[in-house]
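So you can see what is in the structure, the chains are spelled out below.
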Amino acid sequence: MSLRDYEGIAEPGDLRAIEKMAGALSGKKMLHVNSTAAGGGVAELLVRMVPLFKDIGLDVRWEVMQADRAFFEVTKNIHNSLQGRGSPITREMWETYGAVNGANAARIDLDADFVVIHDPQPAMLIDFKTRGTWLWRCHIDISTPERVTWHFLKGIVEKYDGSVFSVANFAQSLPIQQFLMQPTIDPLAEKNAHLEDEEVRVIYERLGVPMDKPILLQVSRFDPFKDPLGVIEAYRLAKKYHDCRLVLAGGTATDDPEGEKVLAEVQERAAGDPDIHILLLPPFSDRDVNALQRGATIVLQKSTREGFGLVVAEALWKKKPVIGGDVGGIPLQIIEGVTGYLVHSPEGAAYRIRQLLEDPERVRRMGEAGREHIRRNFLITRNLRNYLGIWTALEKKNEKVIYI
Amino acid sequence: MADKTFRFHECFALTTLTGRKASDILELIDIMKTASSSSIFHHMHQYFLKPHAVMPEYPNDFAEWVSEALGEPLLAEALANVNPFEFTDIEDLRAELLRIIEEYLKAYPPPRPVSPGREFMFNEGITIVIPTGIESGPQLHDFLQKLREADYSSVYFHFYESRLRLGRPVDDFSEFLLTSLERPGIAAKIKSLDPYMYTTEVLRGKIAALIEEEL
Numbered sequence: 000m001s002l003r004d005y006e007g008i009a010e011p012g013d014l015r016a017i018e019k020m021a022g023a024l025s026g027k028k029m030l031h032v033n034s035t036a037a038g039g040g041v042a043e044l045l046v047r048m049v050p051l052f053k054d055i056g057l058d059v060r061w062e063v064m065q066a067d068r069a070f071f072e073v074t075k076n077i078h079n080s081l082q083g084r085g086s087p088i089t090r091e092m093w094e095t096y097g098a099v100n101g102a103n104a105a106r107i108d109l110d111a112d113f114v115v116i117h118d119p120q121p122a123m124l125i126d127f128k129t130r131g132t133w134l135w136r137c138h139i140d141i142s143t144p145e146r147v148t149w150h151f152l153k154g155i156v157e158k159y160d161g162s163v164f165s166v167a168n169f170a171q172s173l174p175i176q177q178f179l180m181q182p183t184i185d186p187l188a189e190k191n192a193h194l195e196d197e198e199v200r201v202i203y204e205r206l207g208v209p210m211d212k213p214i215l216l217q218v219s220r221f222d223p224f225k226d227p228l229g230v231i232e233a234y235r236l237a238k239k240y241h242d243c244r245l246v247l248a249g250g251t252a253t254d255d256p257e258g259e260k261v262l263a264e265v266q267e268r269a270a271g272d273p274d275i276h277i278l279l280l281p282p283f284s285d286r287d288v289n290a291l292q293r294g295a296t297i298v299l300q301k302s303t304r305e306g307f308g309l310v311v312a313e314a315l316w317k318k319k320p321v322i323g324g325d326v327g328g329i330p331l332q333i334i335e336g337v338t339g340y341l342v343h344s345p346e347g348a349a350y351r352i353r354q355l356l357e358d359p360e361r362v363r364r365m366g367e368a369g370r371e372h373i374r375r376n377f378l379i380t381r382n383l384r385n386y387l388g389i390w391t392a393l394e395k396k397n398e399k400v401i402y403i
Numbered sequence: 000m001a002d003k004t005f006r007f008h009e010c011f012a013l014t015t016l017t018g019r020k021a022s023d024i025l026e027l028i029d030i031m032k033t034a035s036s037s038s039i040f041h042h043m044h045q046y047f048l049k050p051h052a053v054m055p056e057y058p059n060d061f062a063e064w065v066s067e068a069l070g071e072p073l074l075a076e077a078l079a080n081v082n083p084f085e086f087t088d089i090e091d092l093r094a095e096l097l098r099i100i101e102e103y104l105k106a107y108p109p110p111r112p113v114s115p116g117r118e119f120m121f122n123e124g125i126t127i128v129i130p131t132g133i134e135s136g137p138q139l140h141d142f143l144q145k146l147r148e149a150d151y152s153s154v155y156f157h158f159y160e161s162r163l164r165l166g167r168p169v170d171d172f173s174e175f176l177l178t179s180l181e182r183p184g185i186a187a188k189i190k191s192l193d194p195y196m197y198t199t200e201v202l203r204g205k206i207a208a209l210i211e212e213e214l
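Quick note, the sequences are listed as chains W and D, same order. Here numbering that gives the first Met the number 0 is used: position 264 in the first sequence is 263, and no number is missing along the way. Here numbering that gives the first Met the number 0 is used: position 13 in the second sequence is 12, and no number is missing along the way.
Hints should not be assumed to be uniformly reliable.
[Stated by the list, open to error] Label-pair restraints from in silico Cβ distances:
1) W/M0 to D/D91: 46 to 56 Å
2) D/L165 to W/E18: 21 to 31 Å
3) W/K158 to D/D141: 46 to 56 Å
4) D/N80 to W/F224: 35 to 45 Å
5) D/S36 to W/E259: 33 to 43 Å
6) W/A102 to D/G132: 41 to 51 Å
7) W/R68 to D/K32: 47 to 57 Å
8) W/E157 to D/S36: 18 to 28 Å
9) D/A94 to W/R68: 55 to 65 Å
[Said to hold, decoys possible] Short derived list, chain W residues pointing at chain D, Cβ under 8 Å:
10) G7
11) E10
12) R15
13) A16
14) F164
15) A167
16) S172
17) L173
18) V326
19) N385
20) T391
21) K399
22) V400
23) I401
To be clear, the hints were calculated from the coordinates, so they are not data collected in a lab. This structure is a prediction, so every number in the text was calculated from the model and none was measured. Where is the CB? At the ideal position from N, CA and C, for every residue including glycine.
Take the sequences, apply the hints, and build the full model.
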């Protein structure tokens, strides 16, 4: 992987900025720490980003925490609590959290010029800082946290040199500098790379979805906040006017009891309709997801609560108009009436589905605008540029205009 | 002798968050009164630096929020007419924005608060300036070619940011064409372009068209 591979795709100005800033930081050490090596958006981004940082001359490492199930139970609680759900964190839980962070600090070489700690799980590593500029990268929405949990985490986060949030609304008031950095997609990753029509057709055939009618698609976990039942309702309302198929594609939910319950409800609601296809995709089905998005006529992301919702960017990149819930990062990606529509109900989604199925020219136009919107704002090169910019800005504190 | 080389710079803004947000017009006024000058500047200028696949209706964040989130077109139109490039002091700009909103509130009832998630977030910006290595020599056609090669943000840096950097209503392009290439005619035409009416991309097209005419 090389930065050169993005020539002709990303903004040339972004590539020039990356090279110039990397030149100024050449040979310096960068370290990323997160809690999982695979699965989840953070790992997905780091897998692609770390080789690119290497390519531009940085001495970059990516370390993954080692922890047992008990720790991840605690951090799942912390995660839910920061998102305003679940129960308060007990003293024993914080002790587990601290002990695992301490053990990882002893194991991981934390010596670097720029250390990026992703999400709350490894946040306490800051207590073992010896040198360098430390950045806390928060990928989750902590706008309405459980207050006691946030009180404790805030005490940790305040020790960092800076923090980064994905959406301005996700942030909290902090005494350290807070940056805004939206997540991005990699146009060259398997999930987004170009596929020939023939391959799309073959994948659809293998997944058992005929391409004989317009296809509505939602790719998401079977989670109540993704509102799959609302999607089925919208499809039913629209189908009275336009014959179409609905594909609900999501991961298998074996370790998630709530997911299994939602999936059962979805299956029950869809029963008897041969035009609804529920696909349980195994992990790492990136190529299948790519093909499904490319073969769809309209993509839905009818969430009622959402993080950033990068799946919207993936679909827009493939020139698909997206009908999405007006929550989280979705409104940043869907420009109302231009790249898709923001909706607040199954009826709203049905109305927009009908409008689009009625007007293929609008579908085409929105698809073009969507791809350009993503190209300019949501490609991985933008993240590279911003990380280097933030690093530079944190080293030149209080400067509002920085000349490289 | 004047340097006949024009060195194109590009730039981008990092957005920083203050954590302060307004959910209605009264909160907006309250925060606007005490927000940093950097924050007022950011919300009145970032439109010109951001790449737009689709043009927002109004060229500043306050007008856009009042229109989109509060649904008050009358106030949005008034705020959209504030040209930040006419102000050399950010405090005067802040006072003008406050005056417009307060005048509006004397005449009309305050609109209802926005729904959660639609608050106005007060942010600030840090500008990073990049020397591109793109340089033009003493020929006007070379300047034109390099202008097209550089990113839209180059137009922001040399046409908009220059006004703040130099503290007077001038841009680097017309200064260079006047003093280094001794082209007063084209320099005057470029200098007379109203920066508030264009995005950087449209402005680049305008400048390029003027130079082509001259050639």
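Would you list, in rising numerical order, the hints stated earlier that this structure does not obey?
5 and 10
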